[in-house]
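Taken in sequence, the protein lines are chains P and A.
Quick note, the first sequence lines up with residues 2 to 260 if you use my numbering.
Quick note, the second sequence lines up with residues 2 to 260 if you use my numbering.
Just so you know, these hints were derived from the structure itself, not from any lab.
Where hints are given, some of them may not hold.
No copy is singled out in the list; a pair is fine if it fits within one copy or between any two copies.
Unchecked claim - Under the rule of at most 35 Å between Cα atoms (straight-line distance), these lysine-lysine pairs were calculated in the DSBU-like manner: (1) LYS39 to LYS130; (2) LYS213 to LYS39; (3) LYS213 to LYS164; (4) LYS213 to LYS130; (5) LYS8 to LYS130; (6) LYS80 to LYS144; (7) LYS10 to LYS247; (8) LYS68 to LYS10; (9) LYS39 to LYS18; (10) LYS213 to LYS66; (11) LYS133 to LYS8; (12) LYS39 to LYS66; (13) LYS247 to LYS66; (14) LYS213 to LYS10; (15) LYS10 to LYS235; (16) LYS39 to LYS247; (17) LYS130 to LYS18; (18) LYS39 to LYS235; (19) LYS133 to LYS18; (20) LYS164 to LYS18; (21) LYS235 to LYS18; (22) LYS144 to LYS247; (23) LYS10 to LYS39; (24) LYS8 to LYS164.
Protein chains: 2
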Amino acid sequence: MTELTLKVKVERKTIDKSDLLEDLLALESPLTIYFNEKEIVTLLCTPAFLEELAVGFLAAEAMIKTKEDITDIYLDEEKGAIWIEGVEQPMAEKMFLKRYITTGCGKGTTFYNVLDAQIPPVESNFTVKVGKLLSLMQEIQLKSELFQETGGVHGNALSNGEKILMFRDDIGRHNATDKILGRCFLDGIDLADKILLTSGRISSEILIKVAKMGIPIIVSRSAPTALAVKLAEKLGVTVVGFARAKRCNVYTFSERVID
Amino acid sequence: MTELTLKVKVERKTIDKSDLLEDLLALESPLTIYFNEKEIVTLLCTPAFLEELAVGFLAAEAMIKTKEDITDIYLDEEKGAIWIEGVEQPMAEKMFLKRYITTGCGKGTTFYNVLDAQIPPVESNFTVKVGKLLSLMQEIQLKSELFQETGGVHGNALSNGEKILMFRDDIGRHNATDKILGRCFLDGIDLADKILLTSGRISSEILIKVAKMGIPIIVSRSAPTALAVKLAEKLGVTVVGFARAKRCNVYTFSERVID
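Just chain P, with the same shape it has in the complex (with noise of 0.2 Å):
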């Protein structure tokens, strides 16, 4: 049992009997984001890496630009609240706050909302092998512990095309993103030769994310949406779906996906 996980009782029924047993639920924590003493928003996710999730929260939302804009991080675990200091740019809240009020769940993060469509394309010549792909995937199918425990979380892993560099996993499809461009967006890590791989589906909100980090390949055991792939092909993101065991799934830039 990891520090993740809630042990709770549960009955277990079958037509004829019910046996009182435990069972790990995976955590569920609200963290409310603050920049500047500002509040910005609140996520639910697993409480784990929760400066790399605030962080990579505001560098997808492009309220922060470069590691030396954050000038401090305070985490109030027990609160659920983080504080980042920093160099704010300057139309990235206004239009950010914008974006939320007008969307909620969905996020609107497509071309329908003013910032998205200003996105640079993903110029990038990094490719990847097919077979090092696949094996990759089962690679992360393997490494989710709280996955495996309750069957509740979404993985997501960052690869340079030979190994996983690193795995975050969350209640939340954007959390598991959001904490793996925050860690990369604190260490400095070029994206232009890097994958995400993720359990969950393709959206269009998570393809803009990866867009706007640079990050040419994304990969999923799972479904693209129409829209996501449509953004791909105006954002130069290749997309990769239903990579399972011997084959895949690309739907778009598939020159950077090689025998």
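Go by the hints and put chain A onto chain P.
Quick look at chain A alone, frame taken from chain P:
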């Protein structure tokens, strides 16, 4: 092929070959909801049952209380926008904007929000037989044509414990729930003796939506989070997880699931 899919060209790659095939992707479209001319939210959704989605969203957010509060609904599918006119609940919009500014994707519909702390617990003597519940769950597995075609959507169903009354699928878990809640709201269906069945995880957000609408039982093939179970205890909701084939786990108020 339903009209909710897009046919795309895809390269299916294995280690030693690459085939050009056609694949069907689930559509993902933005829907902007206006209430009395004010822009409320843009959801990314499967473009079907959009009136139900908009009404269900406003109802679950307590911005409308009864069907009679709605005086007009106008949908422009091409623009991806819907206008609802009606009687506003005085505090709801203010609280909604507050909530969305401060919570974003997590939607923060937990007790960390003022409004949610006021939800009355669900009081219902409704019961369902465990065998019936398991066969209903298998039935919704078969129902989703869109899932079978695309692998990319969540299915939700409403049942009276005997049969499936309504089934909706959507690329967003919350949307599938809102579509069902919206139909019930428009048809004046009593929810105190109904069950919501879902293919997705039970997070705190879905749990609160269900409690707000007064549904006593939620069932998933997948896992609940620890927070969802904690909230269910306070809000009088029976949480059933891992409902698969011959067994299920009952986390709260197990007296509603009988032999």
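Tell me the numbers of any earlier hints that the structure contravenes, in ascending order. Numbers 1, 8, 9, 13, 16 and 23 - these are the hints that the structure violates, sorted from lowest upward.
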